[in-house]
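Generate coordinates for the entire structure from the input sequences, incorporating the hints supplied.
Each chain is listed here by its residues.
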Amino acid sequence: MAEMSYREAVRDAMSEAMRRDDDVFIMGEDIAEMGGSMGVTQGMLAEFGPERVRNTPISEMALVGAGIGAAMQGMRPIVEIMYEDFTTLAMEQIVNQAAKHRYMSGGQVTVPLTVRTQGGAGWSPGAQHAQQVEAWFVHVPGLKVVFPSTPTDVRGLLWSSIYDDNTVLFFEHRTLYALKEEVPDQLEPIPLGQARVHREGEDVTVIATGRLVHEALGAALEAEKEGVSVEVVDPRTLQPLDEQALVDSVKKTNRCVVAHEAVVRGGFGAEVAAVIQHQAFDWLDAPIERVGAKFAPVPFAPVMENYVIPHGSDVLDAIRRTVGRG
Amino acid sequence: MASQVTLPRLGQGMESGTILRWLKSEGDPVEKGEPLYELDTEKVTQEVEAEASGTLLKILVPEGEVAVGKTVAIIGEQGEDVPEVDVEGPAAPAAEAPEPEPEPEPKEPQPQDEAPPAQAPEPAPPAAATNGGRVKASPLARRIARERGIDLAALSGTGPEGRIVAEDVERAAVSPPKAAAAAAAPAPSGEVERVELTSIRRTVARRMTEAWAAPAFQITMSAEMTRAQELRARLVERHPDERPTVTDILTKVCALALMRHREVNALFVGDAVELYPSANIGIAVATERGLVVPVIPGCEARTVAEIAAARADVVTRAREGKLQAADLAGGTFTISNLGMYGVEQFIAVLNPPQAAILAVGAIEDRVVARDGEVVVRPMLTMTLTCDHRTIDGAKAAEFLRTVKEFLEEPGLTL
Amino acid sequence: MEGKRGSLSQERLLVFMREMLLIRHFEEKVEERFRAGELPGFLHVAIGQEGVAVGVCQAMEDSDVFASTHRAHGHTLARGTHPNEVMAELYGKLEGCSHGYGGSMHLYDIERGNLGANAVVGGGLPGIVGAALSFKLRHEPRVAVAFFGDGATNIGTFHEALNLAQLWKVPAVFVLENNHWAESTPASQQLPIDDLEKRAVAYGMHSAKVDGQDVEAVHRAARRALEYARSGKGPVFLDCETYRLVGHFVGDAQVYRPKGELKELRETQDPIVKLREKLELPDEEFEALDQEAREIAEASVEFAKAGTDPKPEDALKNVYA
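Residue numbers (my numbering), protein chains in the order written: chain E, 1 to 326; chain L, 1 to 414; chain R, 1 to 321.
One should not assume that every hint holds.
DSSO-like mimics (lysine-lysine), calculated; alpha carbons at most 30 Å apart, straight line [as the list claims (entries may be wrong)]: (1) E:K225 x L:K322; (2) R:K136 x R:K29; (3) E:K252 x E:K225; (4) R:K209 x R:K169; (5) L:K404 x E:K251; (6) L:K322 x E:K252; (7) E:K251 x L:K136; (8) L:K322 x L:K58; (9) E:K252 x L:K24; (10) E:K252 x L:K58; (11) L:K24 x E:K251; (12) E:K294 x L:K32; (13) L:K24 x L:K404; (14) R:K169 x R:K274; (15) R:K233 x R:K259.
Short, incomplete list of chain R residues facing chain E, as computed with Cβ under 8 Å [to be verified]: (16) S98; (17) I110; (18) L115; (19) L133.
In case anyone wonders, no lab produced these hints; they're calculated from the structure. On a predicted model such as this, the values are computed, not experimentally measured, just so you know. Think of the CB as a built atom: it goes at the ideal place given N, C-alpha and C, for glycine as much as any other residue.
Here you go:
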């Protein structure tokens, strides 16, 4: 077992795929000499050269579109969108083109493109660099959406995303890049659509994504001191969603909290809550609690930012509400 | 040939039981020995096995209290006519005969069920309706209630905003359903709430009343627990899985003391006193359903770690309502420990026909005199309640002194 | 502007004539069947623009690929997709070239290099850059071609795609079908410049202008552009001046067109008439070709009508690979 940061794990999965397979290459803004604005691609230019580690103009729709075109020719491009806020600029290409070529052609073509992006608040990047927009893409048939929360997961899931024959929106969280953990020596692919139970518990299930997985694990420790046993489950892949794992967990605990950093309204948690209420209705002993950002753009001033985005304490409060101790 | 399924007597003194739910439905094939229904008896909830094979033709008592020997179902061959059987109502307390159960959730929703919850002044509810308005209950609580035929309107919720949660229904599930529950239904909050006795509660009430008839006396003694605590620490080190407690040491010590004072290890059986050769020690366990006293037999021959393992097992099962009748039978002495609640000392009520019961408080640091010096020592106060028909004061004192000595100097048990 | 008689053989030009007639009759059939209420959705025909489709597509190699627009019947037929399959698609049949999942605006035929007709104006251009990039990365002598109209030169994907294509010098050819109308909006209301070639020049891209109504000239220019791109020198912008001799969509009343414009254009700018004159084709010979194309179009309707309807639940297939 080697220790690897989340950032290194992303790089490792890409590099490993690029070593093995000439059809894998990466395009993005500032990814070559600079090594990416988050340092994820550092060193890759030296290893793979400028043809396969392609710096691009600030041109998100052409960037994604070029990835689509290369993918339709059977390559497996990785496109890095510097901040997930900027997926807005490529929305047409992602939603109308990448997601639909296969369908509109009646199955004649695949678009094995991976769009990697990152975001998240907690360091005052302001309203245009701190959003969490993963839920938007879950609404588009034809796209897969992945949101890993640990080095092991990000490594295994990125590999599977690169080798998935569909377009995958791959969300990384800015504040997790430095997170380190022991990872297997050999990269172990993690299939898309498999949730991970981070912690078993009896009383409440917290279904969390991204940074909130770690916040939820912290809240679970606190809850334990109060005699409440919390199970923490990370779906990891939002589309396809491992509904069975989520439902099974809630059927066991009878209570559910969904937690993500994105705004609550219309967030991915709404979908999870719908799945749970429908498939585990008769097992619910409390309303499903939702944790997420307040309904405001992410503000700049640290005190305001801190107020808007959710924390472990919000998860803990939600846990308490589900067991009637709110 | 159809055979009648009658309520069996599952233990001494059992006169009736409460059927909680059926594990088979009408029309299901049944093998002899298969669990057929769940029965709540005085002390335990258990599954009752079928005594014949065939098809479950008819369930005569879907749930509720039934006297021993009464027919509760018919097993026969598929298509066979179901013989007429006289089904009698509950044996004991319910005054009213059980009516056919109203469906908790009618398949065809009645108009009043469809009424939006926020309607203006509610018209007076029809007689059968439950408070007219919608009962606030969690889906899980509703499911459990549906499965067990419990009327939610009869329950009061402990969840947020008075919502009935699963725990509320679970608590009610052990009480006689329907008829009795309906009688208790319209208790609005703020008024006296009538809680029907569960069968465990009834048993406790009956036996404690019996116990009060015995001429009982108490003696109290305190023991210094320094050595016992050291011993416990070493035992925990050696047996990290069992993690023996002070109670386990006390159980062992009592067992050894009982072997030396046989007259305390005795039952009063009316015209005789039975002295037992083995210390079968009952441990009083508080559960959500009430007090139960599972027995650890042969404690004098068990190590402390073995006692700890046996204790953990029965306590867990007691809390889960999974004790078998055998777990509760054969006790010769009982220990009741309220130390974990901070109780310093208390008097336990006899557990007849046993001759004695030991009430144990908390270990506390107390100021005591040792060799003319004032020192602080961990002390435990024990109160022994004895049935005077069996034991005299001096005998009781000798026994308790042995217990004290063993606790203070465990080496003396050798 | 190139327009004079080139070096192509009479037989080759007759092939172009056959192709243009086929497209013309096919699209007239489409108009007819749509008006008869047989075709769902909405349709855009390119009557008048056949010269660009045939000229460019006849210049492409089998391994080349292209992306089309919402006005895609001509490109698709000119690249060799059978009229039966195209018509079946318009009828929403499984036998259609997109198996009923696409329709008129989403004709695909991957086997023949058709990467899809795109119903978002400019939507296909970035993908063509990517396809061309893959040819470059794999060192394959292939070219990716994008068809688009003058309206598309105003949208971001056009500019980003041209910029990136030129920056990376990928083997792509951008074919502007400059028909002077963005749906109902004339050039004067949507384009601040007359010469759209300048837009490519701004990115440093090699470019050429050609009379789109002269199929031979289009073919010659396209062949040069494809050769240039294939040789690794970079992309080419091909500005084809053409005319839409019909409305934006089938049934368009064209209230926006000046009276008489259409009549005059039909008389002077029909690429089929122009080629017929150039070939000095005798009436008898032309009638025979015309009849042949008409029959193929008729047959495609028969084929399509006899096609298989997808099952409703087929809708859930092909969402994911």
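Status of the hints after comparison with the structure:
1. Among the hinted pairs, K225 of chain E with K322 of chain L is consistent with the structure: their alpha-carbon atoms are about 28 Å apart, no more than 30 Å.
2. For the given pair, K136 of chain R sits about 41 Å from K29 of chain R by alpha-carbon distance, which is inconsistent with the 30 Å threshold.
3. Restraint check for K252 of chain E and K225 of chain E: satisfied, since their Cα atoms lie roughly 21 Å apart, inside the 30 Å limit.
4. For the hint linking K209 of chain R to K169 of chain R, the alpha-carbon distance of about 20 Å falls within 30 Å, and the restraint holds.
5. Proposed proximity of K404 of chain L and K251 of chain E is contradicted: the alpha carbons are some 50 Å apart, above 30 Å.
6. About 19 Å separates the Cα atoms of K322 of chain L and K252 of chain E, which keeps this hinted pair within 30 Å; it holds.
7. Under the criterion of a C-alpha separation no larger than 30 Å, the hint pairing K251 of chain E with K136 of chain L is consistent with the structure, at around 20 Å.
8. Only pairs whose Cα atoms come within 30 Å are accepted, and K322 of chain L paired with K58 of chain L is accepted, the gap being roughly 27 Å.
9. Of the pairs offered as hints, the one joining K252 of chain E and K24 of chain L holds, with about 24 Å between alpha carbons and a cut-off of 30 Å not exceeded.
10. For the hint linking K252 of chain E to K58 of chain L, the alpha-carbon distance of about 33 Å lies beyond 30 Å, and the restraint is violated.
11. The hinted pair formed by K24 of chain L and K251 of chain E meets the criterion: a straight-line CA distance of about 23 Å does not exceed 30 Å.
12. Simply put, K294 of chain E and K32 of chain L have alpha-carbon atoms about 61 Å apart, too far for the 30 Å limit, and the pair is violated.
13. At roughly 54 Å between alpha-carbon atoms, K24 of chain L and K404 of chain L are farther apart than 30 Å, so this suggested pair is violated.
14. The hinted pair formed by K169 of chain R and K274 of chain R fails the criterion: a straight-line CA distance of about 36 Å is larger than 30 Å.
15. Between K233 of chain R and K259 of chain R the alpha-carbon distance is near 45 Å, which puts this suggested pair outside the 30 Å criterion.
16. With its C-beta approaching chain E no nearer than about 5 Å, S98 of chain R sits inside the 8 Å limit, and its interface hint holds.
17. The criterion of a C-beta within 8 Å of any C-beta in chain E is met by I110 of chain R, whose closest approach is roughly 4 Å, and the hint holds.
18. At about 6 Å, the closest approach between the beta carbon of L115 of chain R and any beta carbon in chain E falls short of 8 Å, and the interface hint on this residue holds.
19. Because the closest C-beta pair between L133 of chain R and chain E is about 5 Å apart, less than 8 Å, the hint holds.
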